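In order, the protein sequences belong to chains A and B. Quick note on numbering: the first sequence equals residues 630 to 971 in my numbering. Quick note on numbering: the second sequence equals residues 8 to 379 in my numbering.
A portion of the hints provided could be inaccurate.
From chain B, some residues computed to sit far from chain A (all C-beta separations above 10 Å) [to be verified]:
no. : residue
1   : Arg-26
2   : Val-33
3   : Lys-152
4   : Asp-204
5   : Asp-212
6   : Leu-216
7   : Ala-220
8   : Asp-223
9   : Leu-233
10  : Lys-236
11  : Lys-304
12  : Leu-310
13  : Pro-341
14  : Glu-342
15  : Ser-349
Listed next, the in silico BS3-like pairs over lysine-lysine satisfying Cα-Cα at most 30 Å (straight line) [stated by the list, open to error]:
no. : chain 1 : residue 1 : chain 2 : residue 2
16  : A       : Lys-850   : A       : Lys-877
17  : B       : Lys-20    : A       : Lys-966
18  : B       : Lys-170   : A       : Lys-721
19  : A       : Lys-721   : B       : Lys-184
The set of hints was computed from the structure by calculation and includes no laboratory data. Predicted, not measured: the structure shown is a model, and the values here were computed from it. Quick reminder that beta carbons are idealized off the backbone N, C-alpha and C, glycines included.
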Amino acid sequence: MKPKDEQKEDNVLFVGIDLGTSRSAICSSNGIQEWIESYAGWPKDFIAEQVVGKPVLFGAEALQHRLSLDICRPLERGIIKEGIESSERAVKEIIRHLIDLAKPEPAQKIHAVVGVPADSLKVNKLSIRRAVAEYVHTLMVVSEPFAVAYGMNLLNDALIIDLGAGTIDFCIMHGTIPSEEDQRTIFTAGDYIDEQLFNYLIEKYPNSKFNKNMVRQFKEKFSFVREINEQIRVELPVNGKPVMHDIKDEIRRACESILPSLVETTTEMIARFDPEFQMKIKNNIVLAGGGSLIRGIAEYLQNALKEYGTCKVTCVAEPLFAGGDGALKLAQDMPSKYWETL
Amino acid sequence: MFHGVMISLFTAKKEFKIRQDMLRGVYEENLSILGRGRPALSRRRSFLLKGILLSAVFSALAILMLDQHTGSLFVPAKPTAPISTIPVRLPPASVSAKLTPELDKYPLLPAVSVTPEDAVNASEFSAIMNSRNVSLMRMLGLKIKTIMIDAGHGGSSSGTTGKMGTKEKDITLDIAKKLKAHLIKSDLHHVLMTREDDSTVPLLDRVTLVREAKADLFISIHLNYLPKKNTNIIETYYFGSSDDKKTLKLAEQENAGSEYGLSDFREVVEMLGKTMKLQESKEFAESIQALLFLNSKKHDEDLQNHGVKRAPFVVLLGVDVPSVLVEVSCLSNPEEERRLNSESHRENIARYLATGIFDYLNKGARTYEAKR
Numbered sequence: 630m631k632p633k634d635e636q637k638e639d640n641v642l643f644v645g646i647d648l649g650t651s652r653s654a655i656c657s658s659n660g661i662q663e664w665i666e667s668y669a670g671w672p673k674d675f676i677a678e679q680v681v682g683k684p685v686l687f688g689a690e691a692l693q694h695r696l697s698l699d700i701c702r703p704l705e706r707g708i709i710k711e712g713i714e715s716s717e718r719a720v721k722e723i724i725r726h727l728i729d730l731a732k733p734e735p736a737q738k739i740h741a742v743v744g745v746p747a748d749s750l751k752v753n754k755l756s757i758r759r760a761v762a763e764y765v766h767t768l769m770v771v772s773e774p775f776a777v778a779y780g781m782n783l784l785n786d787a788l789i790i791d792l793g794a795g796t797i798d799f800c801i802m803h804g805t806i807p808s809e810e811d812q813r814t815i816f817t818a819g820d821y822i823d824e825q826l827f828n829y830l831i832e833k834y835p836n837s838k839f840n841k842n843m844v845r846q847f848k849e850k851f852s853f854v855r856e857i858n859e860q861i862r863v864e865l866p867v868n869g870k871p872v873m874h875d876i877k878d879e880i881r882r883a884c885e886s887i888l889p890s891l892v893e894t895t896t897e898m899i900a901r902f903d904p905e906f907q908m909k910i911k912n913n914i915v916l917a918g919g920g921s922l923i924r925g926i927a928e929y930l931q932n933a934l935k936e937y938g939t940c941k942v943t944c945v946a947e948p949l950f951a952g953g954d955g956a957l958k959l960a961q962d963m964p965s966k967y968w969e970t971l
Numbered sequence: 008m009f010h011g012v013m014i015s016l017f018t019a020k021k022e023f024k025i026r027q028d029m030l031r032g033v034y035e036e037n038l039s040i041l042g043r044g045r046p047a048l049s050r051r052r053s054f055l056l057k058g059i060l061l062s063a064v065f066s067a068l069a070i071l072m073l074d075q076h077t078g079s080l081f082v083p084a085k086p087t088a089p090i091s092t093i094p095v096r097l098p099p100a101s102v103s104a105k106l107t108p109e110l111d112k113y114p115l116l117p118a119v120s121v122t123p124e125d126a127v128n129a130s131e132f133s134a135i136m137n138s139r140n141v142s143l144m145r146m147l148g149l150k151i152k153t154i155m156i157d158a159g160h161g162g163s164s165s166g167t168t169g170k171m172g173t174k175e176k177d178i179t180l181d182i183a184k185k186l187k188a189h190l191i192k193s194d195l196h197h198v199l200m201t202r203e204d205d206s207t208v209p210l211l212d213r214v215t216l217v218r219e220a221k222a223d224l225f226i227s228i229h230l231n232y233l234p235k236k237n238t239n240i241i242e243t244y245y246f247g248s249s250d251d252k253k254t255l256k257l258a259e260q261e262n263a264g265s266e267y268g269l270s271d272f273r274e275v276v277e278m279l280g281k282t283m284k285l286q287e288s289k290e291f292a293e294s295i296q297a298l299l300f301l302n303s304k305k306h307d308e309d310l311q312n313h314g315v316k317r318a319p320f321v322v323l324l325g326v327d328v329p330s331v332l333v334e335v336s337c338l339s340n341p342e343e344e345r346r347l348n349s350e351s352h353r354e355n356i357a358r359y360l361a362t363g364i365f366d367y368l369n370k371g372a373r374t375y376e377a378k379r
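Only chain A is shown next, with the shape it has when bound in the complex:
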């Protein structure tokens, strides 16, 4: 492996990118860590362009001006919707914006490792490469949970569960690069919670006005499973007047809607592994991704798995950057001879 200081001499900026359905993050070797909401939007017309003052907007800013924009969330289910022109364009814009945020020096080479949901790797790897390749010198694509595991040094006897917006990815690490059998993806993830919550709220408060973006914000702010000792109330307009609504039960029900498939797939993944090592894996389950911020989810999973013996479930410290950090570490550790041939 080429020493890191020798690589630095090559004037290379290493970046790790976590390309997510809801949020995308970049971590670079110059110490910069940034994230944006995975949205891009273009002004609908000349007037809109005058109002927003930019040819393209990203993330929260795009959401804020969404009424003036053709807005696109291109990584639905973690997959680039290629063929739909705006989606591919949006991914490219997001990548370009992320790389700008990393502030590369002029003429500096960029070597990137991009973490994507495991399912994307199966049929969309070329699309992902195409979208990223325009803005970097060389790149490698890896599955997101693997990037998390590598970054956290969880190389052996560990189960990584990346709870994203579009997908939940499971990845068993056993001292080698995970094969397809070591990975599973399910689609009852963050977006599914949003849908459930939206439906529950419509059912309970048919006269109140809210949209899916508001519902997503409620989820991100209040999500929990099991019980908590606090009231959850939000202000929603009814006939134009702001009214406080109790949404605690709906939040809990929506968040808990992903638990059955989460528990089932976790037990399946462990059960299919070599029985001699099952106990070790059960004691090294790590939750990553935005879903790991759901209060009580690690305890719930730990409790649900108790009937199969003792187990330990923990959450990564920084779910927003765990994937990007791991991807960056991969990029930095990668021997330069590998970069050269790609």
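Got chain A; can you put chain B on it based on the hints?
Frame of chain A, contents of chain B only:
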């Protein structure tokens, strides 16, 4: 102290080795994405099982063919007479009347003759088939209510693998999902899939699913693999015997993992006598092949039409409704593998398959109108 240092050195060395292996693994995977990796894996082979299975299919077919001449074993000759003398009072064209959903969205090209293949003569109803323009299904006014889409392979059965590492099971699943979305838009049919994720579904279970769902139409989606030829072909199969070695080889590959026992064959082979299935499967296959090929040809001038064929695929044998197995593309062709990795190409294939299905369903409309 010394012992402790040695242990930690050993651990560090082991971890370094693991990391190196992982990094090389990542590199090799990315090389394979670019089509520069190790040679593609060939189809999984379980010779013993396939050998037994294929022998069983041929034995069963041989017995059946013999039976058609001697009129003894499985299918009684009696039903022929009553069915052939059914008064031709055609029911309302329920199949046809509603079947023009959003067809303008789907590419319709003039009908062409597909590759010639043997006439369907595997049943005692062949006289009806050859003399009438109206199929039994439409004569009896049977409707297509439920369509079952089968994404080939899945889970532990990857099917073929391209040089870039693209797996047949992933592509077929994606196309199947897209096809389902197209068919659902018409709002006329109940559309089901034998698998909706990357799970292992044995062939026998797929057949059971079709039966339990009471599906009226079955389409199984696969990818071809022709390692010795740098071509891209499309071909569509319905169940029947074949003398073509390549077809038999393909059947052998696609039948891998079947859990049929020999004892099951007597029962399932009886289904071969069902003229309706053969008639309709043939028509269905012709529609699929014609529309899929003609539309796909727009994107690939070198695409070859290998036509409609008959082959002893187990998954088609067990299903007793109109059923086809379509090889929508060829994963051994590097250029085609690249295309299959694009969402738009898979979307196109799904759209052309939907067009083929609608074309088949609308044949009823045309036949009925002509009759009137």
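Failing hints, ascending?
1, 2, 4 and 15
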